[in-house]
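Engineer: Okay, here's what each chain looks like letter by letter:
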Amino acid sequence: MKRLTAVLAASTALAAPALADDDRIVVGFATAESGFMQGYDKPAQDAAMIRIQEINEAGGLLGKQIEVVNADTKTDRAEGAKAGLSVIDAGADMVVVSCDYDFGAPAALAAESAGLVSFFLCAESIKAGIQGVGPNSFSASVLAAVQGATMAQWAYEKKGARSFYRLEDTWTEYNKGICDGFDWMMPKLAEATLVGEDSFLNEDASIAAQITRIKALPEEPDAIMLCTMMPGGVSAIKQLRAAGITSMILNGSGMDGSYWMSAVPDLSNFFVPVQGSVFGDDPNPDVNAFNVKYKEVTGTDPATQYTYPGYVMIDVWAKAVERAGTTEASAVVAELEKMVDEPTLFGPRTFTPELHHQNKARYLIVETTGGKPAVVDEWTISEPIPVADLMK
Amino acid sequence: MAQRSILARTIATPLILSALLLAVALAAWGLGSRPFNQTVIDLFLQVIFVVGLSIFVGNSGVISFGHIAFACLGGYVAAWTTIRPVMKAAAMPGLPDWLMGMEIPFWAAAIAGALWAALWAGLFGAILMRLSGIAASIATFAMLAMVNAIYSNWTSVTAATSSVVGIPIVRTIWPYLIAAVIAVFIAWAYAISRHGLALRAARDEPTAAAASGVNIPRARFIAFVLSGAVMGMGGTLYAHSIGLVTPDTFYLGLTFTTLSMLVVGGMGSLSGAVLGVLILSALIQALRWLEAGVQIGTSTFALPGGVQEIGLGVVMILILMFRPAGIMGNSELSLPRLRGGQKNPGRTGPND
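From first to last, the protein sequence lines stand for chains A and B.
Quick note: the first sequence uses the working numbering, first residue 31, plus one each step.
Quick note: the second sequence uses the working numbering, first residue 207, plus one each step.
Isolated chain A (complex conformation) (with noise of 0.2 angstroms):
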């Protein structure tokens, strides 16, 4: 007994609490640093840690430098739960979690719970946000049902097409959510018509079924709509060529990128939405000159336009700390709540009451020809998606 007191007593010495020093403001990444979830959040905490240094150039953030601490949620729920209590406990004042909805939650939980501001760096379901973990949290990036309902009207307006086909790969949220996009769209345009659907899971190692039934249609629609992401839309995109298939495909910005065409040889027709390019010849020359930097910094090129939302994220997080005067989460969320078109280097945004992401957006519409991406065309959706049809 006197050995438990002595433990007792030496570990309450310890126990000093993390108080909240007000020289510094601490930025907490609770991401993935290693893990599969890696590969998503890497490049987004590195165009974040860009944004940053530019701001500490400059001065720093209310005058005080912005400090960064990190914990990685290894790609597993429950340890994501414990890198943000850790982040937190190191004194973030604002916490940044992993890109994907169900593995970034846990810490954004725990944020919420701790009073502070979440971030998801590249989350694209209603769900990373109010709807999902509560009123001071938010999501860098663009829902994935404004990318299914932005290709389908700007490939109805500007080429033409009216018969569409649905293709959706079941396997993630993230795929669904763009075909719900798709499907809120489709009756806006007066003269399209759906001429058909399927679904197919990702890991199906054939679609052979799928592409008989869009061959077998009395003629090859205008436009597929398919939902899909890696690994397993390449090989849909693949056999679908390969069968003769020559009608354009649509997707969401999940298959942005260049580093899979060599899988696909002279793919053309192809069309992704992306908030900024990859590929040297954004309309943007800051994206660009942001691109060089990534560069410079991190040795390669960005793969693919989630590497931005994270420049974003820190770009409009640190405006609402400079227009509240304090990193405080009710100031900073009600700073964050009053932008409508922020300007940002990848489109502007918008943040309400409601909805703590984007219902409406900038896309770059990139286009593959001859298997060489290049930026065709701009389009925002012609009014946002109502909350209530994206909570379906």
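Since the hints were derived computationally from the structure, they do not count as laboratory data.
Cβ atoms here follow ideal geometry from the backbone N, Cα and C, with glycine treated the same way.
Any given hint might turn out to be false.
Said to hold, decoys possible - Here are the simulated distance ranges between beta carbons:
#1 B:Arg290 with A:Glu249: 47 to 53 angstroms
#2 A:Val327 with B:Pro299: 56 to 62 angstroms
#3 B:Gly459 with A:Asp419: 33 to 39 angstroms
#4 B:Met293 with A:Met260: 29 to 35 angstroms
#5 B:Gly511 with A:Ala246: 49 to 55 angstroms
#6 B:Leu305 with A:Val370: 51 to 57 angstroms
#7 A:Ser236 with B:Pro412: 44 to 50 angstroms
#8 B:Leu305 with A:Pro383: 41 to 47 angstroms
#9 B:Pro299 with A:Pro383: 44 to 50 angstroms
#10 A:Val370 with B:Arg290: 28 to 34 angstroms
#11 B:Pro299 with A:Pro378: 30 to 36 angstroms
#12 A:Ala246 with B:Leu526: 40 to 46 angstroms
#13 A:Val370 with B:Gly459: 40 to 46 angstroms
#14 B:Leu305 with A:Lys188: 33 to 39 angstroms
Knowing the structure of chain A, use the given hints to seat chain B on it.
Structural biologist: Same frame as chain A, but now just chain B:
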């Protein structure tokens, strides 16, 4: 025959194990570090899972790959009964009205989770417990796959593969400690009961046990239901520890973590189950700290990322090389005494 009762002879084991767990809890409470607190909560949950698993695996000798399915059943009970009705209606619209309106505290949910898992353990067990050896193991694996497939696809009731959020988060350590201690005492009480004894007899000498009147399927069935209940309780508490559930949390990853902790600790021993968790968790934690980097003098020493997983594997191989029956083998922690002979001999010993 002045032998003391089996209760008096064995009570030291659960008491020592509970004291160990209490010491860990007090250390976490004293340190006051939130991530460490969460680590210890995780450790207690793993104790519940591994002890739950050992009630069946340890006593019957049948390796079960399916027990995490009961944790899944328990986890979703937390989602069904503790989330605010408004949020529940949005995520899981297919729930019956009486369940939709229900909002109970976490401890009641843990009891409900245990009962729900026990119910299904009973239904599955009635069929599966007639099998033996590898056939039984594979059948339990099939059960895991089945439960996972149902929970991953029944959109209106389990929200399919989406995370179900809104489960109240319990971050104090004491409920988890109490649950882990309860699990230890259940496992101990079962092991010294006549059913536990009969099942171990059937494990070591099935023919002789059957000839002595042990109904082997029935003995296994009791252990299966009891261990299912403990797993269900653990699953519910797991959901409350991070605030959300998904079906893939309760699948292969957790199955193999818990099984390897049990094997490393010693399959035939309750102390082995608890120590397996404590030792492996301590090792994982130490390697993570080293990965994150420690300050030695002026230089920081850090292992490259991923060493934790490799180091854990190497240590497990070493332990099993030198102690094939696990750290504890078939013996239990007990107070030292002057006259030997209380310890259980090796696995082949029939006088267990």
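Engineer: Could you run down the list of hints and mark each one as holding or not?
Structural biologist: Hint-by-hint comparison with the structure:
| no. | hint | verdict |
| --- | --- | --- |
| 1 | B:Arg290 with A:Glu249: 47 to 53 angstroms | holds (51 angstroms) |
| 2 | A:Val327 with B:Pro299: 56 to 62 angstroms | violated (47 angstroms) |
| 3 | B:Gly459 with A:Asp419: 33 to 39 angstroms | holds (35 angstroms) |
| 4 | B:Met293 with A:Met260: 29 to 35 angstroms | holds (32 angstroms) |
| 5 | B:Gly511 with A:Ala246: 49 to 55 angstroms | holds (50 angstroms) |
| 6 | B:Leu305 with A:Val370: 51 to 57 angstroms | violated (41 angstroms) |
| 7 | A:Ser236 with B:Pro412: 44 to 50 angstroms | holds (47 angstroms) |
| 8 | B:Leu305 with A:Pro383: 41 to 47 angstroms | violated (31 angstroms) |
| 9 | B:Pro299 with A:Pro383: 44 to 50 angstroms | violated (25 angstroms) |
| 10 | A:Val370 with B:Arg290: 28 to 34 angstroms | holds (31 angstroms) |
| 11 | B:Pro299 with A:Pro378: 30 to 36 angstroms | holds (35 angstroms) |
| 12 | A:Ala246 with B:Leu526: 40 to 46 angstroms | violated (57 angstroms) |
| 13 | A:Val370 with B:Gly459: 40 to 46 angstroms | holds (44 angstroms) |
| 14 | B:Leu305 with A:Lys188: 33 to 39 angstroms | violated (49 angstroms) |
Consistency with the previously given hints fails for numbers 2, 6, 8, 9, 12, 14, ordered from lowest to highest.
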